[in-house]
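Use the sequences and the hints to build the structure in full.
Chains as they are written, first to last, in my numbering: chain A, 141 to 251; chain B, 1233 to 1542; chain C, -11 to 632.
Keep in mind the hints are simulated off the structure, nothing from the lab. Beta carbons are placed, not taken as given, at the ideal position from N, Cα and C, and that holds for glycine. Don't take every hint at face value.
[What the hints assert, rightly or not] To be clear about the criterion: a stretch of chain A counts as covered by chain C if any three or more of its residues have a C-beta under 8 Å from a C-beta of chain C, and this derived list gives those stretches:
| id | stretch |
| --- | --- |
| 1 | 175 to 181 |
| 2 | 184 to 191 |
| 3 | 196 to 206 |
| 4 | 224 to 230 |
[Stated by the list, open to error] Below, a list of computed lysine to aspartate or glutamate pairs in the EDC-like style, where the Cα atoms sit at most 16 Å apart:
| id | chain 1 | residue 1 | chain 2 | residue 2 |
| --- | --- | --- | --- | --- |
| 5 | C | Lys191 | B | Glu1537 |
| 6 | C | Lys86 | C | Asp59 |
| 7 | B | Lys1241 | C | Glu105 |
| 8 | B | Lys1273 | C | Glu439 |
| 9 | B | Lys1506 | C | Glu148 |
| 10 | C | Lys268 | B | Glu1537 |
| 11 | B | Lys1526 | C | Glu277 |
| 12 | C | Lys286 | B | Glu1533 |
| 13 | B | Lys1536 | C | Asp426 |
| 14 | C | Lys193 | A | Asp240 |
| 15 | B | Lys1274 | C | Asp426 |
| 16 | B | Lys1526 | C | Asp463 |
| 17 | B | Lys1518 | C | Glu439 |
| 18 | A | Lys229 | C | Asp94 |
| 19 | C | Lys429 | B | Glu1537 |
| 20 | B | Lys1538 | C | Asp426 |
| 21 | C | Lys268 | B | Asp1524 |
| 22 | C | Lys192 | A | Asp242 |
| 23 | C | Lys92 | C | Glu105 |
| 24 | A | Lys187 | C | Glu148 |
| 25 | B | Lys1273 | C | Glu444 |
| 26 | C | Lys191 | A | Glu245 |
| 27 | C | Lys191 | A | Glu222 |
| 28 | B | Lys1526 | C | Asp426 |
| 29 | A | Lys215 | C | Glu444 |
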Amino acid sequence: MKSRPPSGGAASSGNDGEEHSRRCYNCEYWRPHVHYPYIGYCVLHQKFTMDTDTCDNWTPLKIREGDFYWCSTCKTRITGEEARKLLEKGHRVHRGAYVDPDVREELYSVF
Amino acid sequence: MARNWLEYKTPAWVQWCPGCGNYGILAAVQRAVAELDIDPKKLTVISGIGCSGRETYYIKGSNMHVVHGRAIPAATGVKLARPDQTVLAIGGDGDMLGIGVEHFVSVGRRNVNITVIVHDNSVYGLTKGQAGPTLPAWVQTKALPGPNLHDNLNPLLLAFASGYTFIARGYAYHVDQTKELIKQAIEHKGTSLVHILQPCPTYNNIMTKQWYEQRIYYLQEENPEWNPLVTSQQDLLQKMPTILEKLVEWGDRIPLGVFYRNISKDTFEERLGKIILNYQEYPPGKRPIAIDGKPLVNPWEVFKEKVMQT
Amino acid sequence: MGNSPDLLLLIGGPQGGGIESAGQIALKTLILKGYSVIGTRDYKSNIMGAHSYYTIRARFDRPGAIRFPVDAAVALDAESILTHFNDVKPGGILVYDKGSLHTKIDAIQPMEQALKERLKKLFADKGLPPIAESAIKLAEEKGVRLIPLPMRQLVRKLAEITGASLTSVARAVNTIGLTAMLYLMGIEPRCVEKAIAAHFAAKKKVVAINVEASKLAVDYVEENFGAPSEFLADGPHRGKKVMLATGNEVVAMGKITGGLTFQSYYPITPASDEAIYMEKFRYHQLTSEAEAKLGTPKLGTVIVQTEDELSAIIMAIGAASAGARAATSTSGPGFALMNEAISLAIMAEVPVVITIWQRGGPSTGLPTKEGQQDLLHALFSGHGDNPKIILASGDHVEAFYDAIKLLNWAEKYQTPAIHLLDKYLASTTTVLYQDEIDPGKAVIERGWRIENPTTEKRYMITETGISPFIPIGGDTMIITGLEHTEEGFPTEDPVLRDEMVEKRRRKFETIAREIPAEEKVVLHGDPDAKVTLVSWGSTKPIILESLKILEEKGVKANFLQIRLFYPFPVKEVLDVLSRAETVINIEQNDLLQAAFLIRGFTGYNIKHHIKKTNGRAFWDTEIANAVLEILETGKREVVVKGGA
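Quick look at the structure:
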């Protein structure tokens, strides 16, 4: 399948409540940044895109009960069962989150 | 080039109860270090608390008597500071496997070149005979108000799982055989365990001399082919089933002798030497720290990653 | 060189969200500008995601305290806006992401429930909805200059410029915010760019991305808010060689400079950063003079991570007994586990340094927050009669030399020596100058050591109470925790027991006599001032700032800094306190621990106290205001509560 570069989204305000379809943020291949979830990493195209971008390879996120997901609204890992409920409440659920590879250098000793 | 074992006696009164297994162990240690010709100043015996802890006063050495359960970390500190010292950490089953069990386990991960000698009588003698970590469940020795509700742990298996590279078991009244085990343990490079079964005639009326002597046997005597030597990881995997079978044998028959001797692992001192290249020559206990009271380092050079030119 | 600006800056964001680098880059920018700086990180007991913030102060002379409100803040997520909107001065700058304004308070999972409730009530009272935008409105009403950044668009642009090489998103995001703030405060973009290059050094790609991010920020700010009317004057420290280090790092440097050869530790906050830093340099380069004399270019310090703190202290005691210059490092909970061994080291007369980095207790308490709650714990640690040397450092420079002095004293007097420090000092970064960290001023002494004794005995009874130190391997003997004879054999003889008790007492009398007066207490300011503030530890530079504020308000006060807590400097403390008209004690604990000790040791009962127990360090303004309040009202106690 021919893919076109991610586009659009810049004009949208990023209002979390706004309904988008076929956007990066609800695509199977997209991992939002753990701290700044308006940007994320597309594992298919191996590049950063914005949450409201899209492309021809957009694939809906499949929710399965036994799997784990990342809720960028709650900033925590959730199960498939929880994911269904949170999606109904308007939360953003993803296959996983993107963490900067050098995040260790930003972390502290905390216990 | 052996020394006379009497050189390792001290003026201290040996104050154990009559018939205590510690006498046998003390004699075995003194004979072992004498036969190995270790200068008393270069010998360090370190103990925690317990009847056996007094041994540090009875063996002539450059010794330490520390707090309950902590002979092993003290021994580690001494050995790392002076790797040329022969270091024995000694203690009872309560000291080594009860209050100090975290150190008993952790020293195995480091494989520091010290010898751990556990005097195992399954009771706490100095505090009137409470159950030790190696006393089996439902056994009621005479000082206990009721039967012991804890299971016994297996010191050899624990040592094996923890990474000790030499594991042996002796019997306190077999001074000559135990002496040989201790000699081999001292000569082994790495953390070695000599687990010594020891009747406590005062408090343990169940695991008595007779009880032990009906059960013990020597691995080598029963099977002249017995070979505890492991020279590689592959060798270990091959011999593991046989070794494990003997490590867990306990009950009607109790094996003695060397169970396991792995010469394929580096010691902690050798690992340090790969990072601090002149560690053996300048160990922490002997290296210079100043010249005429002045530091040997300049922090502006050593920590130059923190330095900025504005 | 004109008048010094006095800049207070704050960068907030999620832990792991690039705040640490942003803080460090800000510090380096200001250093390159020729200023003196301090910066401190405040974070939660969480690895990733909870709110943290970096506060910085810069001016010509070294600032001693951080305080709110600040001149400018960066808040690039909703929680940062909601946490800090009130921490910016009227006329100050608040840089934020306009994309996060509609975030509802209740939707921010990491935020403390108590803070959410306070904010919701505040907003409701003002008829505002419970969203981040309400905080911005209140800041605007207060006169804060708002700098909204369209982060979504800026980050998109950056992603387009840098393409697939954009990996460190969080850092780039913060660089945009940070540059916007620094530029508007009057700092030249080239200083920021140089600081980025210095900070990421060898990581060329990361440097390039962040320089791009910085340029984007400058372009956007210039276009939408205009360039700053003028750039700030350069500071007086340009062209100098300086060091930028935290308290943890400075102590590590002190120990290695002081010839430490062995350190054991078990991981704990806020202590382990010290040992970890040391581990990086465990095989270190000697000076060329030392290399020539010793014939080796490098020497090692053995660092061992142990299974627990019981092992850490005993391993150090073992190594010290065998002649190593040994230390361990921990915090309150870990030190609690070390207590039994402290007593052993006292009885067995083993030289060991214990570095305690205090944090908020009791129990696990506030593992990542400030507290000075372990003074009594340190002093009374160990069972039985339990004297040990206790020294509290007031700042980075003191901490460096004190680390060396304590190693000297521990060995000279063969006793545990405790270095009392705290989390604020641990995680405060400061600039240090060459005359401040000067190895030429460091002296290394080991006392009476005999490697190969002839007639000397390990526990020889002497006039001074000090026996010869004979390392293990030097003689046959027993280093022991039992009461002992001169050779180390156990004894319960009543006469010998008392002789040994008296020998150990004489040793501490010797210590009290030999430690110079200036190490015990320091009286800062006018000795004849009528008001004397008393405190200890990391409050020192903060109180020195408070004195200046008080002077501006017409109150002349001096400050008695207690450094040595044992042997307690009774005479030195009484001399000062008895001259003062009003004495005010300042501490970061609830029990007023130092005041308790002063009363116990000297009989002087301090009547006024300022304390802070919320886990945040004092501000200079808080102390000054509390002093004024006490002088005005005669209050016994003022509890200050600043901090986010």
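Results for each hint:
A stretch counts as covered by a chain when three or more of its residues have a beta carbon under 8 Å from one of that chain; for the stretch 175 to 181 of chain A and chain C the count is 4, and the coverage holds. Check on the stretch 184 to 191 of chain A: 5 of its residues sit with their Cβ under 8 Å from a Cβ of chain C, so the three-residue criterion for coverage holds. Restraint check on the stretch 196 to 206 of chain A versus chain C: 0 residues with Cβ-Cβ distances below 8 Å, three needed, restraint violated. Residue count for the stretch 224 to 230 of chain A with a Cβ under 8 Å from a Cβ of chain C: 0. That is fewer than the three needed, and the coverage hint is violated.
Only pairs whose Cα atoms come within 16 Å are accepted, and Lys191 of chain C paired with Glu1537 of chain B is accepted, the gap being roughly 14 Å. Between Lys86 of chain C and Asp59 of chain C the CA atoms are separated by roughly 20 Å; this puts the pair beyond 16 Å, and the hint is violated. For the hint linking Lys1241 of chain B to Glu105 of chain C, the alpha-carbon distance of about 74 Å lies beyond 16 Å, and the restraint is violated. Proposed proximity of Lys1273 of chain B and Glu439 of chain C is supported: the alpha carbons are some 11 Å apart, at most 16 Å.
At most 16 Å may separate the alpha-carbon atoms for a hinted pair to count; Lys1506 of chain B and Glu148 of chain C exceed this at roughly 46 Å. Between Lys268 of chain C and Glu1537 of chain B the alpha-carbon distance is near 11 Å, which keeps this suggested pair within the 16 Å criterion. The straight-line distance between the Cα atoms of Lys1526 of chain B and Glu277 of chain C is roughly 11 Å, inside the 16 Å bound, and the hint therefore holds. About 12 Å separates the Cα atoms of Lys286 of chain C and Glu1533 of chain B, which keeps this hinted pair within 16 Å; it holds.
A hinted pair counts as satisfied when its Cα atoms are at most 16 Å apart, and Lys1536 of chain B with Asp426 of chain C qualifies at roughly 14 Å. Among the hinted pairs, Lys193 of chain C with Asp240 of chain A is consistent with the structure: their alpha-carbon atoms are about 14 Å apart, no more than 16 Å. Between the alpha carbons of Lys1274 of chain B and Asp426 of chain C the distance comes to roughly 39 Å, so the proposed pair goes past 16 Å and is violated. Restraint check for Lys1526 of chain B and Asp463 of chain C: the C-alpha separation of about 28 Å exceeds 16 Å, so the hint is violated.
Only pairs whose Cα atoms come within 16 Å are accepted, and Lys1518 of chain B paired with Glu439 of chain C is accepted, the gap being roughly 10 Å. The hinted pair formed by Lys229 of chain A and Asp94 of chain C meets the criterion: a straight-line CA distance of about 13 Å does not exceed 16 Å. Between Lys429 of chain C and Glu1537 of chain B the alpha-carbon distance is near 22 Å, which puts this suggested pair outside the 16 Å criterion. For a cut-off of 16 Å, the pair hint linking Lys1538 of chain B to Asp426 of chain C stands: about 15 Å separates their Cα positions.
At roughly 27 Å between alpha-carbon atoms, Lys268 of chain C and Asp1524 of chain B are farther apart than 16 Å, so this suggested pair is violated. At most 16 Å may separate the alpha-carbon atoms for a hinted pair to count; Lys192 of chain C and Asp242 of chain A meet this at roughly 14 Å. Between Lys92 of chain C and Glu105 of chain C the CA atoms are separated by roughly 12 Å; this keeps the pair inside 16 Å, and the hint holds. Simply put, Lys187 of chain A and Glu148 of chain C have alpha-carbon atoms about 10 Å apart, close enough for the 16 Å limit, and the pair holds.
With a CA separation close to 15 Å, the supplied pair Lys1273 of chain B and Glu444 of chain C stays within the 16 Å bound. Restraint check: the Cα-Cα separation between Lys191 of chain C and Glu245 of chain A comes to about 13 Å, which is no more than 16 Å; the hinted pair holds. At roughly 41 Å between alpha-carbon atoms, Lys191 of chain C and Glu222 of chain A are farther apart than 16 Å, so this suggested pair is violated. Straight-line distance between C-alpha atoms of Lys1526 of chain B and Asp426 of chain C comes to about 11 Å, which keeps the hinted pair within the 16 Å bound.
Note on Lys215 of chain A and Glu444 of chain C: the hinted pairing is violated, with a Cα-Cα distance of about 67 Å set against a maximum of 16 Å.
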